[in-house]
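S.K.: Here the protein sequences line up with chains V and L, keeping their order.
Numbers 3 to 418, taken from our numbering, label the letters of the first sequence in order.
Numbers 862 to 1102, taken from our numbering, label the letters of the second sequence in order.
Be careful, since some hints might not be right.
Here are the computed lysine-lysine pairs in the DSS-like style, where the Cα-Cα straight-line distance is at most 27 Å [said to hold, decoys possible]:
1. Lys-86(V) <-> Lys-130(V)
2. Lys-11(V) <-> Lys-890(L)
3. Lys-941(L) <-> Lys-6(V)
4. Lys-980(L) <-> Lys-6(V)
5. Lys-1066(L) <-> Lys-407(V)
Hint data in this document are derived by calculation from the structure and do not stem from the laboratory.
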Amino acid sequence: MNLKLLAGKSLKSRRSTAILTIVSIAVSVILLLGVEKVRVNAKSSFANTISGTDLIVGARSGSIQLLLYSVFRIGSATNNITWKSYQDIAQQKGVKWTIPISLGDSHRGFRVMGTSRDYFSVYQYGEKRTLKFSSGAQFEGVFDAVIGSEVANTLNYSIGDQVIISHGTGSASFAQHKDKPFVISGILEHTGTPVDRTMHVSLAGIEAMHVNWQGAMKKRKAKKALTESNLQPESITAFLVGLDSKIVSFKMQRYINDYAAEPLLAIFPGIALHELWSLMSVAEQALLIISLFVVVAALTGMLAVSLAGLNERRREVAILRSVGASHWHIMGLLITETVLLTTIGIIIGLIMLYSSIWVAQPLIEKNYGLFIPITAPNVRELGMISVLLAASFLVGLVPAYFAYKNSLADGMSVRS
Amino acid sequence: MTESDSKSPIIRLKEVDFAWHAQANLTIKSGNFSIEEHEHVFIRGASGSGKSTLLNIIGGIVRPQRGQVEIVGQDFCQLKELQRDRVRADHIGFIFQQFNLIPYLSILENVTLPCRFSKLRRDNAIERSGSVNEEAIYLLSRLYAKGQFSFQRTTSELSVGQQQRVAAARALIGQPQLIIADEPTSSLDYDAREAFMELLFDEIKLSGSTLLYVSHDPTHQHLFDRVADMSVINPQNETDI
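Given the sequences, and given the hints that come with them, work out the whole structure.
M.R.: The structure is reproduced here in structure tokens:
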């Protein structure tokens, strides 16, 4: 009366269709759980990009635009902030720290960001983690640069290497700051955030690069010397603000947004991140729906195979009935078969999913900055697996019902 | 056939009406039939005379619309389907004419199949030989020349005659009270047929089972205690078939 044994042997005898069914189930499991894993990790890595910062301040534009260029290094600012306004706000009561950000140059496709030394001690990501150096230290001189882990890995840089920064943010730039090479002084540990893809230099360094430049062109003649006074920036792109207390954040935001001297915008990073993510949730939902349809297709395929084989199995059912099998046994046999196929498909799918994550992990991280950890299926994923198993049970009911109907008509002998 | 009261009938059908569908004509009308325990009965009937239907009623697969069916002392008209399935599993061994075996099971697994559905037959087999497999091997080695086959092999490599012996072993395992054979030799050639009948009778005598043998071919009817004609059991006109 061991139906599992009978079902297993029966499936084994129909090896090729069984294997194809298992493969289709496995593929649908890979897709469903893979999409789920990417989605969840993308969301959490996204939400973890910046933390501990109370306000992001830039020239007045949209909050998402400001977030994109200041944190994600995507796009560019429409306007800058004067150094004077920055200094003024930084000295307001309640402001604990500020980090200036100056963007606009790049190095072989990676953005260059001018900032202060405080950046390395104050900036936080993830669960309030600060940046750490895997080698070297923060910049001391004007022409020192600190690179993110991905910059170091991709370009194979180490401490002491000389780099030339390009003017503008395109990956192929004709205007190179060849006259003022930078030296790599530090390499940051991996963070899983856009920091990994950034080259950090001091604000003075940004200014120094552009001495004797006018707009995007190098001045032919002028050869101004680098002095303290001309390394003082006149403007920056944006700055991050940390406050003494969360309570003053709304007040400070209003103060900045109403700033009289120039139009500024202050945003709460958490809210802006949420807004940005909700923009992407349509694509997220679409992916999930597509993978659900793949699961439905796989189950339908299994149903089709099971029903197609049913007519050839009438004799088998009649024999089982004659040796004492009840209708429940026959129905149980067919349901067991579909559940067994699905279970094997799920197991193989999980094995393939985890091994492909294991293989693709560095590639995904390198190309998309997304780290997908190998973790046991979470409650939601286990829920999906259980729903799939339950669905396979329901799918098994269909051939079970038809086998029952056939067996009612056939009795113990198939008259055909 | 009512010579003694000591023998209880193992099959008793009385005034049985049966149709496969509610709208269809009756396949069996006013069917009357009974077999005493240990009797060997030959039922002769042309194809379409309701033989298969009769066996489905006796096996408890279907329930007649009218009449009484009593099998091994159980009133089938009172029993639920699952209970009838149980009686079939415990007390009846079937041999059909062809394609009797489950193709994806080995010879041994086919023979032991009834013991998967009946605890009674499993216990009987264990009591006789120590284990279900031992009993199956014992039966198979009686039906085959010893060592002729590996019983782990699948049945698809067997000739029809060999398959029928496996089917016979399966019907006999766990000593069911009633063996029903439905044209078991019709796909065998003459020699194989004679050999099979001899084996079957030897085994039935050894196990003391009751035998109900159904065939259109009267060749072997002399081997039986009694011959019944389907036209007597199912007296409705045979002209419409």
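S.K.: Each hint: holds or not?
M.R.: Evaluation of the provided hints:
1. Lys-86(V) <-> Lys-130(V): violated (30 Å)
2. Lys-11(V) <-> Lys-890(L): violated (42 Å)
3. Lys-941(L) <-> Lys-6(V): This hinted pair holds, its Cα atoms lying about 26 Å apart.
4. Lys-980(L) <-> Lys-6(V): holds (18 Å)
5. Lys-1066(L) <-> Lys-407(V): violated (38 Å)
Taken one by one, the earlier hints fail for this structure at numbers 1, 2, 5, listed in ascending order.
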